[in-house]
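Going down the list, the protein sequences come from chains A and B.
Heads up: the first sequence at position 100 corresponds to 100 in the working numbering, and the numbers run straight through without jumps.
With the second sequence counted from 1, adding 155 to any position gets you the working numbering.
Any given hint could be a false lead.
What the hints assert, rightly or not - A few chain B residues that don't get close to chain A, going by computed Cβ distances all over 12 Å:
{"id": "1", "residue": "Cys-170"}
{"id": "2", "residue": "Arg-204"}
{"id": "3", "residue": "Pro-376"}
{"id": "4", "residue": "Glu-384"}
{"id": "5", "residue": "Pro-413"}
{"id": "6", "residue": "Ile-438"}
{"id": "7", "residue": "Ile-450"}
{"id": "8", "residue": "Arg-474"}
{"id": "9", "residue": "Arg-475"}
Claimed, not checked - One side of the interface only, derived from the structure: several residues of chain B facing chain A at Cβ under 8 Å:
{"id": "10", "residue": "Met-412"}
{"id": "11", "residue": "Thr-415"}
{"id": "12", "residue": "Thr-425"}
{"id": "13", "residue": "Val-447"}
{"id": "14", "residue": "Pro-457"}
{"id": "15", "residue": "Leu-470"}
{"id": "16", "residue": "Leu-471"}
{"id": "17", "residue": "Gly-472"}
{"id": "18", "residue": "Gly-473"}
{"id": "19", "residue": "Ile-479"}
Said to hold, decoys possible - Simulated crosslink set (BS3-like; lysine-lysine; CA at most 30 Å straight-line):
{"id": "20", "chain 1": "A", "residue 1": "Lys-93", "chain 2": "B", "residue 2": "Lys-371"}
{"id": "21", "chain 1": "A", "residue 1": "Lys-93", "chain 2": "B", "residue 2": "Lys-364"}
{"id": "22", "chain 1": "B", "residue 1": "Lys-203", "chain 2": "B", "residue 2": "Lys-161"}
{"id": "23", "chain 1": "B", "residue 1": "Lys-371", "chain 2": "B", "residue 2": "Lys-344"}
{"id": "24", "chain 1": "B", "residue 1": "Lys-364", "chain 2": "B", "residue 2": "Lys-159"}
{"id": "25", "chain 1": "B", "residue 1": "Lys-327", "chain 2": "B", "residue 2": "Lys-159"}
{"id": "26", "chain 1": "A", "residue 1": "Lys-79", "chain 2": "B", "residue 2": "Lys-371"}
{"id": "27", "chain 1": "B", "residue 1": "Lys-327", "chain 2": "B", "residue 2": "Lys-344"}
{"id": "28", "chain 1": "B", "residue 1": "Lys-183", "chain 2": "B", "residue 2": "Lys-203"}
{"id": "29", "chain 1": "A", "residue 1": "Lys-79", "chain 2": "B", "residue 2": "Lys-364"}
{"id": "30", "chain 1": "B", "residue 1": "Lys-327", "chain 2": "B", "residue 2": "Lys-371"}
{"id": "31", "chain 1": "B", "residue 1": "Lys-327", "chain 2": "B", "residue 2": "Lys-364"}
None of these hints come from the bench; they were simulated from the model.
The structure presented is a predicted model; accordingly, all values stated were derived computationally and were not measured.
Glycine included, every Cβ here is placed at the ideal spot set by N, Cα and C.
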Amino acid sequence: METNGKRYQPRIIGFLCNWCSYTGADLAGVSRMKSAPNLRIIRVMCSGRVDPAFVLRAFRLGADGVLVAGCHPGDCHYKQGNFKALRRAMFLKRLLREFGVDERRLRLEWISASEGERFAQVTNEFTEQLRALGPLQLAAQPEAAAAAVQEVAAQ
Amino acid sequence: MSAKPKVAFYWCASCGGCEEAVVDLAEKVLDVVAAVDIVFWPVALDFKRHDVEAMPDGSILATFINGAIRMSEQEEMAHLLRRKSVVVVAFGSCAQLGGIPGLANFWSRDTIFHRVYQESPSTRNQQGTEPALETQVNGHAVTLPVFHETVRSLNQVIDVDYFLPGCAPTPKLLAQAVETLLSGNLPPKGSVLAPDTALCDECDRRETKPDRMMIKEFHRPHQVLANQEDCLLAQGLLCMGPATRAGCEARCVQGNMPCTGCFGPTSRVTDQGSKILSAIASIIDSTDEAEVSRILDSIPDPAGTFYRYSLPVSLLGGRRPEAIPR
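Generate coordinates for the entire structure from the input sequences, incorporating the hints supplied.
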């Protein structure tokens, strides 16, 4: 997708767990692997710490995609956290659909501490996928009472 | 003129249930009437808009406004009453959160008009007439208020001092609120005039809530016969208690119905729907994707269920306009 001759750059927020995925991202970095610069990483202690409201807030504040990454099933430092993340992500995708938001904008991945390459690959793939989907436009926030006033004036 | 403090009530996009809550004060309403002058209350008293316009600004001690804001006329009245009042209380779920009318934010004005005035099975409208802002009747122009694209909560339109939650607020909370206002000892602006704990905290069935709750299947209230003693969530009924503010004394649960969340979230939560979604996802008893998916199928409309009263104030606000089917 191109706008004004410039390639559209999606904004991605990534919630990466401290024990696996963040370390995996770190490994990609120290191994000098190239990956898209579109991902802004927030380190959390566990993917199970990612409150669904974090994801929605990221979308509200301008993210085009949200990545939640944690340890592979069975490897969670807190035993069950990544399963909670799985169920929340599956549920959230259903919720997003009802709001007319493409569920592919939320991505859950298992990335271990040794999978730097996988981290880079996921980042690149997700960036390309979001580029194809285009910018996310949510329903206007009704706080903008001014917008309603203009609406009346326009009629 | 008496020197009693003046109080007003007004309704916007609402069902009238909040007006019932005032009437449900029963004999206590006499104490209220003894203490204050009700200067405006369209549902019960014959005062008109021009009567309010004639009042000096700030002359009403408190105005209780119920209902969400959908029409321009409601918006105008909200602004007018704001000017005339020292304190404005958003009364009930619709004024506080957008309420049931706020669920309309899953659709656009056009889709709503089309559905309601043309498609619904009980409608016969061969000319395909839809409400217009102005129409000619016998040579006179007749006008209607503007139907806004979205439904808004009261504080998305005017400055609100206090919120009294509930669909409808309980008479007890209303009586307490009136007492508080008359005492002059006002809580901080923006306060929700109800306890700041989750409903489970005051639920009679609290003791029956298992330490570790795990659910294999969710049921809707009409699908099962819930027993009258145990935690409804533990019985697989979607009870919003964990993500809802206390204050109603768990009335629905007392009636053996799960909480639907009308009191909104506590002060630590901004988005009630995603909070209950998080809680429900945590107690699903499976780690297998296919099985989780099957269990989630037993909750057919998570957005409508979890944001039943709070869609307009939610983080996503409503359905993306581009995604609304024509």
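Right, here's what the structure says about each hint:
1. Chain A leaves Cys-170/B outside its interface by the beta-carbon criterion, the shortest separation being 20 Å against a cut-off of 12 Å.
2. Distance check on Arg-204/B: its Cβ is at least 18 Å (rounded) from any Cβ of chain A, clearing the 12 Å threshold; non-interface status holds.
3. Listed as a non-interface residue, Pro-376/B keeps its Cβ farther than 12 Å from every Cβ of chain A; the least gap is roughly 20 Å.
4. For Glu-384/B, the condition that its CB be more than 12 Å from all CB atoms of chain A holds, with the nearest at approximately 28 Å.
5. Every beta carbon of chain A lies more than 12 Å from that of Pro-413/B, the smallest distance being close to 18 Å; the non-interface claim holds.
6. For Ile-438/B, the requirement that its beta carbon stay farther than 12 Å from each beta carbon of chain A is not met, with the minimum near 9 Å.
7. In this structure Ile-450/B is not separated from chain A by more than 12 Å, as the shortest Cβ-Cβ distance comes to only about 9 Å.
8. Not every C-beta of chain A lies more than 12 Å from that of Arg-474/B, the closest at about 4 Å, which undercuts listing it as non-interface.
9. Some Cβ of chain A comes within 12 Å of the Cβ of Arg-475/B; the nearest lies about 4 Å off, and the non-interface call is violated.
10. Proximity of Met-412/B to chain A is violated relative to the hint, the smallest CB-CB distance being about 23 Å (cut-off 8 Å).
11. Taking 8 Å as the C-beta cut-off, the interface hint given for Thr-415/B is violated, the closest approach to chain A being about 17 Å.
12. Taking 8 Å as the C-beta contact cut-off toward chain A, the hint placing Thr-425/B at the interface holds, the least distance being around 7 Å.
13. This hint holds: Val-447/B has a C-beta 5 Å from the nearest C-beta of chain A, less than the 8 Å allowed.
14. Residue-level restraint check for Pro-457/B holds (minimum Cβ-Cβ distance to chain A is 5 Å; threshold 8 Å).
15. The restraint placing Leu-470/B at the interface with chain A holds, with a minimum CB-CB distance near 4 Å, inside the 8 Å limit.
16. Interface restraint check: Leu-471/B against chain A, minimum CB-CB distance 5 Å, threshold 8 Å, status holds.
17. Because the smallest distance between the Cβ of Gly-472/B and any Cβ of chain A comes to about 4 Å, under 8 Å, the interface hint for this residue holds.
18. Restraint check, Gly-473/B versus chain A: the minimum CB separation of about 4 Å is within 8 Å; hint holds.
19. Because the beta carbon of Ile-479/B sits about 7 Å from the nearest beta carbon in chain A, less than 8 Å, this interface hint is met.
20. Annotation: proposed proximity of Lys-93/A to Lys-371/B holds, straight-line Cα distance about 20 Å (limit 30 Å).
21. Under the criterion of a C-alpha separation no larger than 30 Å, the hint pairing Lys-93/A with Lys-364/B is consistent with the structure, at around 29 Å.
22. Pair hint Lys-203/B plus Lys-161/B holds up; C-alpha atoms about 16 Å apart against a cutoff of 30 Å.
23. Note on Lys-371/B and Lys-344/B: the hinted pairing is violated, with a Cα-Cα distance of about 44 Å set against a maximum of 30 Å.
24. For the proposed pair Lys-364/B and Lys-159/B, the alpha carbon gap of about 49 Å is over 30 Å, so the pair is violated.
25. At most 30 Å may separate the alpha-carbon atoms for a hinted pair to count; Lys-327/B and Lys-159/B meet this at roughly 22 Å.
26. Distance check on the hinted pair: Lys-79/A and Lys-371/B sit about 20 Å apart at the alpha-carbon level, within 30 Å; holds.
27. Of the supplied pair hints, the one linking Lys-327/B and Lys-344/B holds, its CA atoms being roughly 21 Å apart against a limit of 30 Å.
28. Under the criterion of a C-alpha separation no larger than 30 Å, the hint pairing Lys-183/B with Lys-203/B is consistent with the structure, at around 26 Å.
29. Restraint check for Lys-79/A and Lys-364/B: the C-alpha separation of about 24 Å stays at or below 30 Å, so the hint holds.
30. A hinted pair counts as satisfied when its Cα atoms are at most 30 Å apart, and Lys-327/B with Lys-371/B does not qualify at roughly 38 Å.
31. Proximity of Lys-327/B to Lys-364/B is assessed by CA-CA distance (about 27 Å); at most 30 Å being required, the pair is judged to hold.
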